[in-house]
Amino acid sequence: MKARIAHIASNTFREAVRDRVLYNLIAFAVLLSGAAILVGQISIEIEKLVVINLGLTAVSLFGIVIAIFIGIGLVSKEIEKRTLYTVLSRPVRRWEFIVGKFCGLAGTLVVNTFFMAIGVFAALFYVSHKFVRADALVLVALYFIVLEFLIICSLALLFSSFSSPLLSAVFAFSLFVIGSFAEDLRGFAGMAHGFTRWLVTGAAYLVPNFSALNVISSIAHEQPVAAQLIWHNTLYALFYATMALSGAVLIFEHRNLK
Amino acid sequence: MPAIEILGLEKTYFVGFWRKRPKCALRPLHLTVEDGEIFGFLGPNGAGKTTTLKLLMGLVFPTSGSARLLGRDWTDPEVKAQIGFLPEQPYFYDHLTANELLNYYAQLSGVPGKERSRRVESTLQRVGLTDVKGVQLRKFSKGMLQRVGIAQAILHDPKLVFFDEPMSGLDPMGRREVRDLMEQLKHEGKTVFFSTHILSDAEALCDRVAIIHQGELRGIGAVADLTSSVHGKVEVIWQGTHVPASMKALGAECHVTGDTVRAVIDENQQDAAIDALRRERLPLIALTPVRTSLEAYFVEKLQRAETTAGSGK
Amino acid sequence: MKQRRKVSLVAGACVVVSLAASAVTLHRIDQLRPQATIEEVLYLNSPKVLKRASLGYDGLLADIYWTRAVQYFGGRHHNHALSYNLLYPLLEITTQLDPRLIVAYQFGASFLAPPPPGGAGQPERAIQLMEYGIQNNPDNWKLYYDLGFVYYMNLKDYKQAAAAFERGSKVPNAHPFLRLLAAQMAEHAGEFDTARMMWSATYQNTQDKLIRQNAVEHLRALRVEEDVTHLQQAVTRFGERTGRLPASIAELAAAESLPGIPVDPDGHSYKLSPEGRIEVRVPDDFPFATKGLPPGFKPHPQFDSQPQ
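Protein chains in written order, with my numbering: chain A, 1 to 258; chain B, 259 to 571; chain C, 572 to 879.
The set of hints was computed from the structure by calculation and includes no laboratory data.
You may find that some hints are simply not true.
[To be verified] Taking lysine-lysine pairs in the PhoX-like style, the calculated list, with each CA pair at most 25 Å apart, reads:
(1) K77/A <-> K397/B
(2) K258/A <-> K577/C
(3) K400/B <-> K258/A
(4) K622/C <-> K2/A
(5) K77/A <-> K2/A
(6) K444/B <-> K417/B
[Said to hold, decoys possible] Stretches of chain A that chain B covers, calculated by requiring three or more beta carbons in the stretch to come under 8 Å of a beta carbon on chain B:
(7) 6–19
(8) 84–93
From the three backbone atoms N, C-alpha and C, an ideal C-beta is built for every residue, glycine too.
Just chain A, same shape as in the assembly (with noise of 0.2 Å):
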């Protein structure tokens, strides 16, 4: 069981690899040293500022469209190109194709993610020409950036389960966009009267929660994260996870492949 997974974990990674997804790696070494380069010459006081939202931004950015775009077609294209029907004529369980697709995709942009903190890195030494106390931060940054990673790739692949790509890829986005602004919407909720409360209320505890991962422009101005969020994002992000996903197979259980 567990060797199953491990095998479609890495054969997908090894797809996206071929695939030339790590391709983005250089549009993003590119935008970081230009922005580095460029902000060195206009002002001495933000550099390190910009750097990190920028950098942090693109990194982010960069990996949820991979997430997006990869992840939605790891299910819906194998089944459209029929690949799948030679891998569940083997002794693979459907589930365990789902949690190893995941894994590969998770495993993908881990190792994105790594290449592109190594710039992250590499352009604040280049701007600070030191590192200092506060720059662990951006590690706590990257590391909220990685669990928004996994809550995408866990809803990428439940949508992917059951619609088509073109759809997959505008539910993935709006959720994306919602789960930004999912504390204004409790916010909202709380303002709510009766049955709209209630509502939105429900709404607001299902999209998934963007805003208490992102913690670049706090950071950027060197505030520091509180252990006790770290520690109950993760938790949350997990969960998140475990929900889309375990609905993914609940889903894709039933699913007839015609």
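Here the structure of chain A is known, so what remains is to put chains B and C in place on it, guided by the hints.
The following block gives chains B and C in isolation, referenced to the frame of chain A:
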């Protein structure tokens, strides 16, 4: 112990926007395939052959009924380690090489690590892909992909193999090789279940055939029994998508399927037919005498189907 | 078959359990970082940057900031906060993202200017916001009205207030009472009537719930102040006539030939303290009243629990 026992498998899809209109893909099907047989599953396109195979592979779920494979419940995942499956017009991960793909499938089938590379190597050799094993699959032709498909189906030394249209996309040499391979598998004591719409393939290979049309089993029997009498007919198969007028003039019944056309003509018109194809520069794939009773049997079953369908509407 | 049912059951249970767990965790996260979205303005305080970051969807972003501003004010107000430092930045971002969001200016006029706990105590900021609003919406007489309102109510600058009302009255389709207000500012008489007129106008000029509630509170307080003023005069008259304080509010009412015991806007009768002061029975119900409260009373405004 029969290799395959199909116990009333039935599949109804619900179509339309609200999924309310039932569409019967397979009526309750009862079928037994004995151990060590080559069994042909015949029928025109859309007859329900692929649906039956997908049901047996657990890719779609039946509306009712069940099946047993190799004496065990067909949903038992462990039974699948003993089964090989070639889907119709197979397609694989573009960015893998044939070697990597087969390794991956061997891992999924639970072939132990030590044996794996040896097994992959010998299977590649068996389907004639050793020279291109390091090439990514997106560069493969349709015929080469078909060979990869066959390779992945027999890779883990299964006791029972299912082939869905194994000859499609292959050139005459390839068709010959696949026929030989199926016979070898039979000699190795394996059971082969394959679907086709090309009668000559079935006739040359099968111990028994079943004919299915519009989701319904129309007939079943041993080829030897069905081909007892021989009439003066030949089957001509060529590559192309249209029927030249000169062929029609010969009074041939022509069936276009995919990129091949199949016609049945009188034996004495065989030279004229070849001439006609040569004039049209259409590549001839096969010319085989038809033991008309299988043909007649097939046509009869289909015609019965058509009349029932006609009266039904 | 059995296998599939087992997997489905486990997966279904996982969905339910992990959804519940994620909701609980989320609740804890919210407690860990209250007001987190709102405190974002501490870092992202440049409307220009935000406008660019919104990629042209600045209207939507303005709406989000507007709800944040309302949420911020409502939440802090509910907790009897004494400072509202983020209210101005939130409103500034909102109005710069969408300069035509009139309700945001009205909100600012009502809650930036008054002293805490009724507002942020920043009348200069309120005026700054109104001037920005007028600059972008010169044809909206309501903004001139609100500007004059702040000058009159919070800064007691009657000249500037008159000027603002005067400017507003010249706008096409302006409400005629702006001209009247301008004149009244000049005379600077009949305080109760003017104030009542202005708060009624504030109430009528907006659909915003908080602003309306605030206006209602002030109107109620005005009535209490007016009643208390009249009753207190009656107490004085009574004392001059009889040489003593009335024993009860009923005696006072009888002496003045009032039709009954006078009552406050909530229907509670006013009471007479042993020292001869007229007081309301439930001072907490009239947070903005300046008369009729027990000595040393500190109001606790509670909009959310206020009966209409």
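Evaluated hints:
| no. | hint | verdict |
| --- | --- | --- |
| 1 | K77/A <-> K397/B | holds (19 Å) |
| 2 | K258/A <-> K577/C | holds (24 Å) |
| 3 | K400/B <-> K258/A | holds (22 Å) |
| 4 | K622/C <-> K2/A | violated (49 Å) |
| 5 | K77/A <-> K2/A | holds (24 Å) |
| 6 | K444/B <-> K417/B | holds (10 Å) |
| 7 | 6–19 | holds (count 7) |
| 8 | 84–93 | holds (count 10) |
This entry does not satisfy hint 4, going by the numbered hints stated previously; all others are met.
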